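Chains as they are written, first to last, in this note's numbering: chain A, 1 to 491; chain B, 1 to 499; chain C, 1 to 488.
It is possible that part of the hints are untrue.
Mimicking PhoX-like on lysine-lysine, the simulated pairs with C-alpha atoms at most 25 Å apart in a straight line are [claimed, not checked]:
{"#": "1", "chain 1": "C", "residue 1": "K160", "chain 2": "B", "residue 2": "K449"}
{"#": "2", "chain 1": "C", "residue 1": "K103", "chain 2": "A", "residue 2": "K28"}
{"#": "3", "chain 1": "A", "residue 1": "K157", "chain 2": "C", "residue 2": "K366"}
{"#": "4", "chain 1": "C", "residue 1": "K65", "chain 2": "B", "residue 2": "K449"}
{"#": "5", "chain 1": "A", "residue 1": "K157", "chain 2": "A", "residue 2": "K67"}
{"#": "6", "chain 1": "A", "residue 1": "K101", "chain 2": "A", "residue 2": "K28"}
{"#": "7", "chain 1": "B", "residue 1": "K201", "chain 2": "B", "residue 2": "K307"}
{"#": "8", "chain 1": "C", "residue 1": "K160", "chain 2": "B", "residue 2": "K307"}
{"#": "9", "chain 1": "A", "residue 1": "K67", "chain 2": "A", "residue 2": "K161"}
{"#": "10", "chain 1": "B", "residue 1": "K449", "chain 2": "C", "residue 2": "K366"}
{"#": "11", "chain 1": "A", "residue 1": "K157", "chain 2": "A", "residue 2": "K299"}
{"#": "12", "chain 1": "A", "residue 1": "K299", "chain 2": "A", "residue 2": "K161"}
{"#": "13", "chain 1": "A", "residue 1": "K28", "chain 2": "A", "residue 2": "K161"}
{"#": "14", "chain 1": "C", "residue 1": "K366", "chain 2": "A", "residue 2": "K104"}
Think of the hints as simulated: they come from the structure by calculation, not from any bench. Everything numeric in this text was worked out from a predicted model, so none of it was measured.
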Amino acid sequence: MNSNISLLFPILFPMLCGIAVGLIPALKDEKRRRVFVLTALSISFLLTISQILLPEASLYVCTLAPKAEISFAVDAVTRFFAGLIAFMWLMSGIFSFEYMKHEKNHNRYYCFYLLGEGAMLGVAFAANYVTMYLCFEWMTLMTLPMVLHSQTEDALKAGMKYLLYSFAGAFAGLLGIPFLVRFGTTLDFIPGGVLDMTLVQGHETLLLGVAFAVILGFGAKAGLFPLHAWLPTAHPVAPAPASAVLSGVITKAGVIAIIRVIYYQFGAAFLRGTWMQTALLCTALVTIFMGSSMAYREKILKKRLAYSTVSQVSYILFGLFLMNTTAMTGSLLHVLCHSVVKDGLFLCAGAIIYKTGKTDVEELTGIGKEMPVVLWCFTLCALALIGIPPMCGFMSKWYLALGSLSSSIPVISWLGPVILLISALLTAAYLLPITIRGFFPGEGYNYSALVKKEPNAWMLLPLILLAALAAFTIFPQPFLAMVENVTASLM
Amino acid sequence: MATVQNFPFAAIMLYLAGGVTCCVLKPKASKVVCLLLNSLVTVLMFAVLLYTVRTGESYVYWMGHFPAPWGNEIRIGPLEALMGTAFPLIMTLTLLGGMEHIFEDVEPEKTNLYFTVVSLLMVAMLALIFTNDLFTAYVFVEINTIASCALVMLKYRSGRALVATTRYMMMSLLGSGLFLLGIVILYSITGHLLMEPMARKIRELFSTGNYAFPLTVTVGLFAVGMALKSALWPFSAWLPDAHSSATVSSSGILSGLVVKSYIILLLKIFYRVIGIDLVYSSGITNILFLFGFGAIVFGSFYALREKDIKRMLAYSSVAQIGYIYLGIGIGTSLGAKAACIQILVHAITKPLLFCTAGAFMSASGGSRRFENLRGAGRRDLLSGIAFTIGALSMIGIPLFAGFITKLHLTRSLFLFGTWKFWFGIAALVISTVLNTLYYLAAVSVLFQKVPGDSPPVERPSASLFYRCSVIIFSVLNLLYGIFSEPVTQIIQSGLSLFS
Amino acid sequence: MSNQFLILPILIPLISGISIALLPFRSEKSRNLFNLTAVLLNSFVILWLILSRPAGSLTLLYLTKTLPFALKLDGLGIIFLGLIGFLWPVSTLYSFEYMEHDKNQPRFFSFYTICYGVTAGVALSANPITMYFFYELLTLVTVPLVAHEGDRQSMAAVRKYIIYSMGGAALSLTGILMLLSHAGSVEFVYGGIGQLFQGDSFLLLAYLLTFIGFGVKSAVFPLHAWLPAAGVAPTPVTALLHAVAVVKSGVFAAIRSTYYTFGPDLLAGTWAQQSTAVAAAFTIVFGSVMALREQHLKRRLAYSTVSNLSYILFGMSLMTAEGLVAGLSHMLFHGVIKITLFFCAGTVLCKTGRAYVPQTTGLGRKMPVTFITFLISGLALTGTPLLPGYISKMNLLMSAALAGGPFAMAGIIALLLSAILTAAYLLPMGIRAFLVTPEDSLSFTEHDRDPGWQMLVPFTVLVLTMLVLGIHAEPLMNALESLIMGSV
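Generate the whole structure from the sequences, applying the supplied hints.
Dropping the structure here:
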């Protein structure tokens, strides 16, 4: 394996840019800052693509303490997620140029926005457990200011909740390290796991318990029950582009961590078929159902979308927990789908808030007349999320259901698809009315007072791009290929 | 028979002569005579100590050429010689330390009588240390009582002192009475008054099982009698008043020496007359242990509450005497050794504390209450430092004499069974904590900065006597804290030869 | 290299401390200069001693035939001595500005410096009795410092302190003497007497008594109550003494008695070990919970210390070499972190008079350096990677996982619970300081600003140390491992 210093570039570059935005006074000027940030995000994107196109590369940085090494590498999972991260970040960044006119303290926002990107990429590029944990914690810290951004009392409370839940989850995740050191060969991510079975003899229950705690801990970031409560509070309170990134991308940090823990550390072979797997599956199903129901009842748009995230990410986790190829495929497809779609949905919500100040779903009657493009994008994304062909959500859900049915786990194998179906119905119930009422407001709508309030190009461009991507199932091949790469290396 | 062996007897005679002489001399002259006498006896007894340590045995000395069991004897071994050296030495230093107060507190024309009383007291105490005969012991116990009451009473124009003396006398005489009763019973059982023959007879009786009950009763009588006189709790009610109303030197002498002489007598009776095994088997030691524990706890608690420095020191004495009885009550030779060590340690520490307290009082217009003593340690720095040394010794910091006691006492607790161990530890913890609290509080009050200090009424510490005394006491304390081993050896060998 | 110089780290501060009280100095500045020079000199002497490693012990005198008073510098001593040698000059510098307006400075600085020598004595002791002597002396020397303010609160705190400390000292003396009665004269050696006396329940009892006795200064529940009360002392006292010198002496003494006197071989697997593990685990959680509930800033940090000390004790209670190294690493890191936290709290108190957490909202804008330092230290204590707390927590978790057994597991859970509680009681405060403007911004006065250089230099030094330790702790960890085995 060649040692490649260039692996650090995608991680460090955005961080340095972020610090620059935070500290250099010359960048307080809006135009300059906009150019700077756009360039930074674009270059980050390019850097990331360049790194993930490399053949197997790794980089050892330093040792914090005995057994705690920092190193980065590129493998299938990295390629899959890093590209996604950089792309999403770019999209939300473009959107935010116009949106942030609404808010204050821009430099602080962009500073932490970029720092967060670096940390997030660090999670994707991490080559071992310690590095991943490090980047995971720092990512929480770097994204915290975005949640706190508006500095209202609500924002503070939400931020504290975010911080504490994330840290609690991270500490539970930390639990894995000592046990893997004791019972495993290395902390590096090796497909198939690193457990030394001779050492494990007799301690299976202990290890399973530890693995369970670790997964629940990292799952906090992904909104997995029971540590999900921060998500509906924190995501809405951040500025919309930040919410988009939080829901769309940062939750996937939890997913990355769980993939690494299950497949690259403990090993699916060890975990498959155990009580722990069943428990995790139940947890995921509970979350799916609960998230959708809460979303249905929620009136504030951004909060509704947040609950939706809780539910949707657990689809992904459900597939991961099934530990078979089909389900994996479904999960990874849904990673792509959900990121794109949720990002889009939040950006639409942001556009609506920006232009009309309306946050409540009830207020959105007739919005389609005022902002048709936005609402069209919203609709496309909504359809994808519900899972209607030919939108992307359909494919992922299909694979998930198949994977569930083909697994040999009692009850769950048929209960899974049932819950997925119910959740899909609920998703439709909480997303479609917005579209319908938006386009067809019915009587009582004041047509004469209608004013077109379409947002400007900065905001529309990402929206349209994302909505278009949501329909990728029309050309599924490239994406399936990407996914297969990953699943092949895991199984 | 070496000349040196005559010295103990000579010492007693010298004191007798000295006492008589002081009666007729003027106060200043009698002071000189008394001091010289004490110093001389210290030297003499030191020679005896060297002799007994070198020969490693204890010898008997006939008084008037009548052999036993009709004549009278005294017996000197390393332990007796050690005590015999320590007592005059401490007496000298205490007198020096409190000299100004003697001249202040006692009626001017009667000051020479003070020194007479002191000499008589030394006669009695030395006699108690050396005696080998029970009846002699009783006689000198009585003389001791009278002399010590006089010591308390001689404080001029103090009604308090009179009341305290009366109480002291009552309790003391009660103790003597019980003691006499014990002697009477023993005499009637054994027919002897001299200790060795009596002991042999008792052993005989013990082995045959006759008179078991009377023997136990006598043990109890002796113990209670001496306990009353040495202020073991719960018989200690007289001590705080007596020791605090007396003049400074008297307080030091009473706390440091007088009560110890009774304890030494008790030890002697336990070892030499009744036989230590019989004593242990009678269970009286358990009671002494418990009383010692009570003394430590209650003495310390009351000391904590005191607002008057001399009373605080007096209650502290109650607690320290408790240590001695704790050691005896453990019922092993290690415990007895610890008790003897504490006898010495307390004897060199408490007079120091009393003398410095006297100096503080003088530097603060004569008041004894802490609120008036603020900053006295700064006004009289030497006394302040000396008091701190004494206080640290009482708390039991290593390198000070008090730690040696704690060391040996704690060690002796281990090689014993269960409940005494836990009680002992509790006593240790409670006393350490409480001692620290009230001694540190005292030290901090004494060293407090008081704004606008008024100049003191007198500066007794300017006196050379006082300074010498206090410095020597402090040095002794530190020396013993650091180099205790030789003395401990002497005590150990002395105890083994005691019976 | 002659080992007579071992007495120097004790004598230099002793003499300088007494001089500070007695010599008439021309001005405050010259006295401070003298003080700082003496302290720095002593730290250099310590550094020199550590580097030149005198072998063998220096016997000062024989208390009794079998009890020598002796000094020795072994691996464990180097660790502790290094910690205090580094932190004392920093802390002295800080206290100059803090005590600027105080009326009793000579007395304060005199005892503060003497305390340096006494703590060095604890570190340099070669056997239990010598250590006991310096340990008791430490209590006495710190009493005037705790009582410094002289008000009723301080007096009550001092009483509590004395009662707990002296009571504990008496118990540990008993334990030590019990040990000596069974094992004769004992020098500190890694592994202790363990191998000779396995299964001796008298010695187990002795160990327990010693642990309780030293547990007072280590603030183990329920013997911890004096520590939050002592928060009424001036901050330099709480920071250095009650976050570093006094409490770490307690932990140090506990480690000496566990690994170097009684020995893991004697203790492992027995009820004595289990009791210590349980006590430590409970205190870890207890301290954190109490810290969360406490609104008074310094008391909150005091409870945090209670919790963190038990991290060290927990590592120790595992009775393995790894556990010891982990505990020691936390001893070092926590010392640095906690002293910084206390300094920040003290600066806030000294400059603005605010003592309670709710009063600090928004203060970060006026005192950015102070609060950034606070935030970094808070993150460090929580265990954020790249900062030192992470490394010691990891070490503790790993050694616990290696040791195995239900008590180790309980400890692991306690550690993780405590970690999240630590985040909860430290981080929100730091964040609120920056982000919230209190309703009444008129409540800020001109005094509410960052302190002068005498406080800023310590801040900087400490933060830099934390960053360095956090990123590059490997040499330190390796050094720790090789040092604890004892043979110098």
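Going through the hints against the structure:
no.: 1; hint: C/K160 <-> B/K449; result: holds (23 Å)
no.: 2; hint: C/K103 <-> A/K28; result: violated (49 Å)
no.: 3; hint: A/K157 <-> C/K366; result: holds (23 Å)
no.: 4; hint: C/K65 <-> B/K449; result: violated (43 Å)
no.: 5; hint: A/K157 <-> A/K67; result: violated (37 Å)
no.: 6; hint: A/K101 <-> A/K28; result: holds (13 Å)
no.: 7; hint: B/K201 <-> B/K307; result: violated (52 Å)
no.: 8; hint: C/K160 <-> B/K307; result: holds (20 Å)
no.: 9; hint: A/K67 <-> A/K161; result: violated (32 Å)
no.: 10; hint: B/K449 <-> C/K366; result: violated (39 Å)
no.: 11; hint: A/K157 <-> A/K299; result: holds (20 Å)
no.: 12; hint: A/K299 <-> A/K161; result: holds (21 Å)
no.: 13; hint: A/K28 <-> A/K161; result: violated (31 Å)
no.: 14; hint: C/K366 <-> A/K104; result: holds (20 Å)
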